[in-house]
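Novice: Put chain W on the given structure of chain E with help from the hints.
Going down the list, the protein sequences come from chains E and W. Position 100 of the first sequence, counting from 1, maps to 100 under full-length UniProt numbering, and the rest follow consecutively. Position 248 of the second sequence, counting from 1, maps to 248 under full-length UniProt numbering, and the rest follow consecutively.
Calculated from the structure, these hints are not laboratory results. Do not take every clue at face value.
Identical chains share a label here; the pair holds if one copy fits it or two copies do between them.
Restricting the straight-line Cα-Cα distance to at most 20 Å, the calculated cross-link-like pairs of lysine to aspartate or glutamate (EDC-like) are [as the list claims (entries may be wrong)]:
| hint | residue 1 | residue 2 |
| --- | --- | --- |
| 1 | Lys84 | Glu231 |
| 2 | Lys109 | Asp166 |
| 3 | Lys303 | Glu77 |
| 4 | Lys299 | Asp157 |
| 5 | Lys300 | Glu77 |
| 6 | Lys163 | Glu112 |
2 protein chains.
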Amino acid sequence: MAALSFTLSAQDPNSKARAGEFVTDHGTVQTPIFMPVGTVGSVKAVSQQQLKEEVKAEIILGNTYHLYLRPGLEVLEAAGGLHKFNGWDGPILTDSGGYQVFSLAGNRKLTEDGALFQSHIDGSKHLFSPESVMDIQRIIGGDIIMAFDECPPYPSDYAYARKSLDLTHRWLDRCFKRLDETPDKYGYSQNLFPIVQGSTFGDLRKESCAYISSKNAVGNAIGGLSVGEPEEMMYELAGLCCENLPENKPRYLMGVGTPWNILENISLGVDMFDCVMPTRNGRNAMLFTSRGVINIDNKKWEKDFSPIDDGIDCTFSHYYSKAYLRHLVKAKEILGLTIASVHNLAFYLWLVKEARKHILAGDFNSWKNEMIPIIKTRL
Amino acid sequence: MAALSFTLSAQDPNSKARAGEFVTDHGTVQTPIFMPVGTVGSVKAVSQQQLKEEVKAEIILGNTYHLYLRPGLEVLEAAGGLHKFNGWDGPILTDSGGYQVFSLAGNRKLTEDGALFQSHIDGSKHLFSPESVMDIQRIIGGDIIMAFDECPPYPSDYAYARKSLDLTHRWLDRCFKRLDETPDKYGYSQNLFPIVQGSTFGDLRKESCAYISSKNAVGNAIGGLSVGEPEEMMYELAGLCCENLPENKPRYLMGVGTPWNILENISLGVDMFDCVMPTRNGRNAMLFTSRGVINIDNKKWEKDFSPIDDGIDCTFSHYYSKAYLRHLVKAKEILGLTIASVHNLAFYLWLVKEARKHILAGDFNSWKNEMIPIIKTRL
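Isolated chain E, as found in the complex:
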């Protein structure tokens, strides 16, 4: 089967925003795109049917750390990979587990070899190395798999960032080597995206972009942002990375972010996004809508029988009212978690698809500047 291929369809005349598409063996994805996060093999509270029909997701994520621990590789391999296991037959991207080892696991220790950690579930000890993480991602079976990297915390000093970046680059070499030595596991192509690091330092970011670009991967990622730094700094660094990464490859900004973060980063040349925000915030009563942000817990929605959001293309968001969703949330009904998650994801997908339309129409930048204050409004 064929390696991932990317085609640029249009470039916004007044920003760096681009529209394109990439083809995987599990289907084509139009960019810019937002990828719902299916942490443990399920996008939390959302069925695969709802992902297709309501959210209109094109590609979803799986988290290597979580899937490695549960259900574990033996089950995933016996199933024939994650697509077969969870029934999502579109493209899947898996992260490398590095970020979650450092943010979730108990005791963990970084060495040249990799990261030693204890499971947050049962305290058992494990080693993630560039090699093991490639093997694990082979077994999970993502169409796009991510390099094993270290994501330095914010803030980091220059010496730490320098040292960490060098390690990430050495690990990257080992990732590519391992991947080259092992065949695609299930007959379809598994494509490695390297990750730019360098913390908040422009020179390290540029150096990392150069190194990453030299690998000539089919796509490239920007990591280590949206980890606590000011938004302006994120935009500056994301913009710098986009300028220093190949034009003809998709650029994936990891773990970002709010709807307005996404529009701003699209304008800087980012093509792919993922974030737990739509589902996590949805489960905590925060809705993103085409008219602004809603805290559905608020008394003001008690008798508001208007649709959650009739401005987007999602049956759920039209069908269920604000008052009904508020009631479900107050009564702690599970359906409330589902409706809020489905709606927020559908809004994110609607937003990137609108962005794409405006890039193709050539008026993305002015649309974005009008849209951001609207979707940021607290309703």
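Specialist: Positioned in the frame of chain E, the structure of chain W alone reads:
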């Protein structure tokens, strides 16, 4: 609009099982039927879309006690009733709240007037009387509304059961009187079903059937069973009630039960059922399938990638595997609650529809006797 009307289509030659249908202003229901329980305005963990498309529910329940407390009558009335509020446009039946006041509320006191109780949510004090419960059910807007009764606990002595039954009958008169004095709230017909009580005493049950029948209601219910008595006693009493209730009206056995309970009671002449078992047990990893009962938590399903149940007519039950559902349950993923609930409800609906087919074909009794040992099997 028209009062509920019931048509008998067929009678099984070798049992008392019947097939029929009743027409409400929100649609027609084919009997025998199982009604999913939508406690607080939502069938737990299941969307209204899934109820229609996956479960193929024809009528759902709402619980007066829960809806009265949350979202409350002011919201429900402003919405235009429960159908408008939750978006379920098919028939709805509401219970009278009596049973739940006695099983859920804090301090509660029974008087001739009604039941004084404290909310299990905030401890606030309320009175449910036959009159208030009719008014509340008018506002909730069920197509079928239930009489306010006392459900005596099991076991009850004869003197208590006698006294309780007399009270239930006096309350029934008050329910009908109140309903006659008040118009349908939202333009469609709201139909009162009286409830046979009498605890475990055959003579009281017969007396209650006679009294209830004398009201000439459009349908009749059997209450106070499946409250802890042995199964054989339930069947005996349900059979006795069916024999003593009108042939030409639907008979609703409240709160029953397991799949085999449902088949046995169909054979005794029951037409309508409700129970929280498919959803509650589903949320606790217990699946009812066309091949038997599954504890999906069990290690034996870890690598069983076969569908949850390909013997029934439900996309979910075909789409998701036992191993995937087990994984979701082990990982405490919300989607696991949804899949298990949707599947179990779809199984119950499949079962009553199969029963109906066999009644129409004239071989219900032999089919039932073959089916019960299969669906009772522990897999």
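Novice: Each hint: holds or not?
Specialist: Going through the hints against the structure:
{"no.": "1", "hint": "Lys84 <-> Glu231", "result": "neither (39 Å within a copy, 42 Å between copies)"}
{"no.": "2", "hint": "Lys109 <-> Asp166", "result": "within (17 Å within a copy, 74 Å between copies)"}
{"no.": "3", "hint": "Lys303 <-> Glu77", "result": "between (50 Å within a copy, 10 Å between copies)"}
{"no.": "4", "hint": "Lys299 <-> Asp157", "result": "neither (46 Å within a copy, 48 Å between copies)"}
{"no.": "5", "hint": "Lys300 <-> Glu77", "result": "between (50 Å within a copy, 17 Å between copies)"}
{"no.": "6", "hint": "Lys163 <-> Glu112", "result": "within (11 Å within a copy, 81 Å between copies)"}
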